[in-house]
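> Got chain A; can you put chains B and C on it based on the hints?
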Amino acid sequence: MKFPRPIPVTEIAGKIQAEIIGDNRLEATGINEIHQVENGDISFVDVEKYYKKALESQATIILIDKKTACPKGKVLLVCQTPFEAFNELVKEYRPIQPLTASIAPTAEIHPDAVVEVGAVVGHHVKIGKNAHIQANAVIGDYSIIGENAIIQSNSVVGSDAFYYKKTEEGFVKWRSGGRVIIENDVEIGAGCTICKGVTGDTVIGAGTKLDCQIQIGHDVKIGKNCLIAAQVGIAGNTRIGDWVTLYGQVGIAQNLNIGDRVIVGAKSGVSKDLEGGKTYFGYPAAEARTIYREMAALRHLPEFFANYYK
Amino acid sequence: MKFPRPIPVTEIAGKIQAEIIGDNRLEATGINEIHQVENGDISFVDVEKYYKKALESQATIILIDKKTACPKGKVLLVCQTPFEAFNELVKEYRPIQPLTASIAPTAEIHPDAVVEVGAVVGHHVKIGKNAHIQANAVIGDYSIIGENAIIQSNSVVGSDAFYYKKTEEGFVKWRSGGRVIIENDVEIGAGCTICKGVTGDTVIGAGTKLDCQIQIGHDVKIGKNCLIAAQVGIAGNTRIGDWVTLYGQVGIAQNLNIGDRVIVGAKSGVSKDLEGGKTYFGYPAAEARTIYREMAALRHLPEFFANYYK
Amino acid sequence: MKFPRPIPVTEIAGKIQAEIIGDNRLEATGINEIHQVENGDISFVDVEKYYKKALESQATIILIDKKTACPKGKVLLVCQTPFEAFNELVKEYRPIQPLTASIAPTAEIHPDAVVEVGAVVGHHVKIGKNAHIQANAVIGDYSIIGENAIIQSNSVVGSDAFYYKKTEEGFVKWRSGGRVIIENDVEIGAGCTICKGVTGDTVIGAGTKLDCQIQIGHDVKIGKNCLIAAQVGIAGNTRIGDWVTLYGQVGIAQNLNIGDRVIVGAKSGVSKDLEGGKTYFGYPAAEARTIYREMAALRHLPEFFANYYK
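Here the protein sequences line up with chains A, B and C, keeping their order.
Here my numbering is used: the first sequence runs in plain steps of one and ends on residue 310.
Here my numbering is used: the second sequence runs in plain steps of one and ends on residue 310.
Here my numbering is used: the third sequence runs in plain steps of one and ends on residue 310.
Worth flagging that the hints you see were computed from the coordinates, not collected in a lab.
Quick reminder that beta carbons are idealized off the backbone N, C-alpha and C, glycines included.
One or more hints might be untrue.
To be verified - Short derived list, chain B residues pointing at chain C, Cβ under 10 Å: (1) G251; (2) K267; (3) T290; (4) R293.
One chain only, chain A, in its complex shape (with noise of 0.2 Å):
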């Protein structure tokens, strides 16, 4: 996530109560965490083995609980609870605006796209040329809709990134920061749901078409020209390449690749990373013909049993 103007970190240092360690001169470009951070982010750390991760990052302000020496070129906001100290710069800098209006007025929505009866077009969205927006969908707050796009009716793009930090009393919301993307010439069916970015953003590439009732998790980056058919789920911060293919109902675990121009059967389930230009399937999904050969065996079995105890 990106502010729209650099943050000079005492301005920041103040909204979340912090002390500064470091160059109090320095400026934030945006906020992101740690697998996503580049240089001029803000980021947080509070796990002690993590610290020097973080500290070693491409952050320039990280936020942490403790106070240490500050890297050369960064600075340090130390404040007791990091992660909600983030959520709080997360919410204070993109804060949710509860959508009131059919197209949000700060909506950029090229003259030639097409937004149907009932659709919601959120805040700071911007719809390309050609792009059409079918009847009761919603995209929600700082998506971007390619041209030519079609968006089918029912679908959202841009539901929360569902990520949360487990404590004893229960699960607390990262607030989503992130956005969607959805490149030239993709189509998404109907009754999809494709979520935001925790703070970096989710990839739809050009050309890609889902079938209905899809579910992309936050920061999945999905290539070009892929055909993805109906009720595909795919988890959080995975990867696919360009030409993939996958069947009906298939279910991607999170934070995999998936190569250029695989195929996957329908309704396998994918825990691991996927080599390019090859067929998968089953559960949990491996090379294709892998399959079919524990599958044939499979079928001799109960009559090899029944001869072998004779």
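Coordinates of chains B and C only, in the frame set by chain A:
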């Protein structure tokens, strides 16, 4: 389902043209199917082998298709088609009122709650403090939404129970007289559907978080602080404990009990009760370590057969 | 897809700038892909090995990319890109009309039908007596909704067929010119998506009941009095008989035939035709007793190997 006021049995008998056997001064405080029935309720029986169960149940008023002795403290209403009479009474006292306004005049919405554009709030709904009903969500009649609850876009709270009586001509719907109760701090992702109880309540316990495209059947009770990932389906009348984690695309059959702190791996199909505190996986689901052992053995099977039959 | 009036072949040839070979006095009564084509229809062929099939089909007017002899009673329209010309004609005679009113002026809604707030009813839709379209449901162009049918909230009847022509540059969509027909007494739960036929009809037979979040692909034909549980997906062009029961999360692949009174257990994945009157289960699905035997054998396998290799 409870009535807003006690209803004299004579009034009820008149509505369905039934003969009264027993104490005609009694009043009905509600109406419920036999599994949900409480003292004061109307229930029905139309199959001889269940007469005894019905007559010994908590029901105060029993619709029945045969004259028989009335137990003390109860009253029988004798009619030819008790199921149809029961449905008629649910219809009479909880009529279907088409939603013609985005917010029904009988809905009670806390002034600090937010209902976004396009959302629809049904008759007699209650929405608590700081609750957030997002764009194009639908909250059906009589639902109760707790404090700080979030219902994301295009979700439906209070769809009809999928519950039919089979006849030779086709399926006759049980009218849904029940409710959905969403407790405090619950979050429901986009595109979820949560069915009403048939006559009882469907309950999502405090602090529980649902991802997108989750289906919750009629009369399901989910405990507190559960985490339920996208595209999970839970069938009618199943009970889920506290702190349960269900990964993506899990399916749970009807009428089951899932213990506290159970974890169910992605895409599993649960067809039996699950003891608390354990991790399950597979289709059908069993303890994960059992399934992993079977999977490892199966992987070895093709080679075993190749050698065995050499 | 049928035209509202017969269209002279000369008019059609003009639209797509094709050369006419054969009887130029013929008229087109409709346009259909080769699997759906009827006498009077336009169809197309652009692959040499299918020329014979197209020329011998029921089609009266054939778009073709090579000059060849025209069979008697037909007419050929020779053009360079028959697929694109076909799509162009579907677009011309069934144009996409953005939905800008909740109820399109060309929709015919029976006075005893109910259309709730937020629901959208498209162009040329017909809705029968006592039908109930719930809040925020979307009924796409040309759909027919029978008497007493219920379409619950946030369902979409008439989403586009997920049907593409693959090219080296990406996927080209077949324009959806087909319809959805919901027969009498059908009930569709919340959050379902039912796709139009490509050029033909998707049909849900009288008395069939669908639970929530069900996906029905293009050109699917479902028979009468079926019961389909939540989150089932049925892929394009599959036929389902009468009195079929599909439990939750079942997936059925495309182009299959499922016989009358079939029962398919929860979460099964059906990849082959299923003979009527039997019970199936598993992934991939087979007769339930076969699968149960395999499952029992598999359960025994780890112990068998442990002993065998001791």
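> Next step is simple, just say for each hint if it's right about the structure.
Verification of the supplied hints:
no.	hint	in the structure
1	G251	holds, 5 Å
2	K267	holds, 8 Å
3	T290	holds, 8 Å
4	R293	holds, 5 Å
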